[in-house]
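**Q** Going down the list, the protein sequences come from chains A and B. Residues in the first sequence are numbered consecutively from 33, following the working numbering. Residues in the second sequence are numbered consecutively from 33, following the working numbering.
All copies of an identical chain are treated as equivalent in the list; a pair is satisfied when it fits inside any one copy or across any two copies.
List of simulated lysine-lysine pairs, DSS-like, C-alpha gap at most 27 Å:
| # | residue 1 | residue 2 |
| --- | --- | --- |
| 1 | Lys40 | Lys284 |
| 2 | Lys284 | Lys34 |
| 3 | Lys121 | Lys40 |
| 4 | Lys300 | Lys40 |
Just so you know, these hints were derived from the structure itself, not from any lab. Since we're looking at a predicted model, the values are computed, not measured.
2 protein chains.
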Amino acid sequence: MKNRTLVKNLAALPDGPVTVSGWVETVRDQKKVQFVILRDESGAVQLVNPATRELDENADAGASARLAMTEAISALTHGSFISVTGDLKHDERVKLGGIEVKIGALEVVAEANPETPIAADSSLDKRMDWRFLDLRHPKQNLIFRIQTTFLHALRTYWVEHDFVEIQTPKLMASASESRAELFEVGYFEGTAYLAQSPQFFKQMAQPAGFGKVFEVGPAFRADPSFTSRHATEFTSIDAEMSWVESHEDVMKMHEELLVAGLTAVKAKHGAEIAELFDIELEVPTLPFPRIPLREAKQIVADRGYVIPRDDADIDPEGERQISAHVREAFGHDFVFLTDWDISLRPFYHMRHPEDATLTNSYDLIYNGVEISTGAQREHRIDVLVAQAREKGLDPEELEFYLDFFRYGVPPHGGFGMGLARVMMLMLNEHSIRETTYLFRGPTRLLP
Amino acid sequence: MKNRTLVKNLAALPDGPVTVSGWVETVRDQKKVQFVILRDESGAVQLVNPATRELDENADAGASARLAMTEAISALTHGSFISVTGDLKHDERVKLGGIEVKIGALEVVAEANPETPIAADSSLDKRMDWRFLDLRHPKQNLIFRIQTTFLHALRTYWVEHDFVEIQTPKLMASASESRAELFEVGYFEGTAYLAQSPQFFKQMAQPAGFGKVFEVGPAFRADPSFTSRHATEFTSIDAEMSWVESHEDVMKMHEELLVAGLTAVKAKHGAEIAELFDIELEVPTLPFPRIPLREAKQIVADRGYVIPRDDADIDPEGERQISAHVREAFGHDFVFLTDWDISLRPFYHMRHPEDATLTNSYDLIYNGVEISTGAQREHRIDVLVAQAREKGLDPEELEFYLDFFRYGVPPHGGFGMGLARVMMLMLNEHSIRETTYLFRGPTRLLP
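Just chain A, with the same shape it has in the complex:
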């Protein structure tokens, strides 16, 4: 590897020779002195060079070299990757971290085109066209370092609790959720479909006797909508557990998992998040509030918001309202809305033992937006088939899935959660486009 010092490690070094490598963020080419801000994956540092603008008559080789260096720095284009060896000096007057590096040798490793296609005020869509440049910004970079920490904490929680990681196939012979939002794939002489969720396959781990499983992987929805919360491809965080007694057991694991994730993020990135996002990240208290959906709708109505729907569902503004209520009443960013009407849930959700109009299910709302759906699943094959029929599904098309329940299966439940939504709400961003590495929508397949 290139022998270099990461910018974040410079401050701890004594004055002396160092090599730093990264890209040119800005050049301030003043008459007597030149400043370059060099950024790498860990931070930014000021490089400095006393300018030599012309040679006098008796100029020696050293002066020629100094002129050449000055001209090389003047010619640096924004974004070029360079490697610089020079003298590190601690100097409290330097605003950027109290250090600077006096340039000794400069190597331009890859010169950038002089015209940068995006600027600070570019539209989100334009920034997405040039996502690899957009991601150079410290905020964008931090989002994905936070995501790394968050996911690792989730997986560590699962591994410590004896969950098994599975990789379920994304190519399927039939729909996993709804025929309406299904991508078709030409598959040799036939057709395959892209998995809309790992639902059926994570449930398969239950009759397989895996006990508890998790997966973090892509899911696909041929959803033509253009909201800030929808994508045609997204990263789904999924878990499923045997021997749950109701959706309460799923919620308990779910909230512990999120606390583990947010605790790790706050510990590692809390200061950076405060600096770049102006957010004091809170680790939520346990347990998260739980409100039955019908009760939540009453609370929203009492706040004066009339949900413009004829069915039992809530809408995005209703979710914001109930979140605001929970923040006021409990000081909490999360709320489980529980016990959804059967009309709003898929056939495989288990129904209440005492009220067959309700399911053992929940949605999790985080800062006003739904991030997850969880439920206990129906594991009794006769009930499952009846519920499928009731939803207008043909059990024959679901044969491979229904077979999972015919040879013994434990009671089970789990959830699916959208990673980009969690990140968006954690960092108060306004769209999952900001928290997705490369967003995919109905009109976006590039880069």
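With the hints as your guide, set chain B onto chain A.
**A** Coordinates of chain B only, in the frame set by chain A:
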């Protein structure tokens, strides 16, 4: 959650009441006594019940209950999920772990169909039809627990070394590797393609200034072959790093990563692997042997095997031969074959500075089979475009990728590695079908 004790935790408990829950592995229904082997995700335990076969004239309620229990146990079908409360007793004479549970109460949670569709001698293809039953076997279960440990150790290595996790899109506007093995997806009014690897997108993290990245996710190849090593969908383990000086830097990270993974697997599962797979797992020593491909082919030829190819490539038997040589000469299970001929490598591999017929690349062979390809990438846009043309590619079709190199990019390199192959070779299995949760091939999309 169901209040139960995992089977693996029974041995440490004193004699007394316990509840165990799992599936019926076998019933031995003897005249005087009934034995049930119950298995859960952690192990198997013997349940015992003294049989009551008939009632005499003055039978009391207790006797009736005992008869009912005996009949319930006789009726148990293989695979049914049950929950049993009873008395744990340590007894050295019991072969299965020196413990048994005398059945007090038995609940059949989900009854299995009496005919089990697969048996111990079923073909691999038949077992795959009923994968959820096949996975109940202790060996299959262990494979995925090992995989969980392995992946977590890899990710922990990366996180500790400041890699950023990325989730790259699987829907693309063009091919990522070769037009030949591409799946087409109907995408609203147009067409998308499934990513054959995250190659272009993990490289994109380099001009984005992420430094070091990793991803574990699905990749898709419309490959019509039916070998033991190929699938149409597989889990790819990928990493990419900035500022490498050659493929040597990539190999160094790669071998450290594998040592971290195998160390964790041996520590957690070494004894089970010895018991179920009859393998004493070895943690390989560092560094792994490195042999230039041309030299490797000479070694294979000297061993008397003539590779039946006219080009510079090696073949599967050649890989087995060079592995055998490395095992004999260095006592090592791994070997890097380095410096592949440009004709065998994609356009984006960097070429040797001193020999333009060779690339800065490698394949990693594990116990005779290729598991990974790695390389330094060409980051100089003019050279990259020339190499693409040389391979007969149209740079216009690659515009979005080539743009990554036009606005500054550091030198970089990385590798892609097939998870199922690593698991297959670690456990001496004969096909990736055994080490894939749900295999996908040209004629297999179910379950």
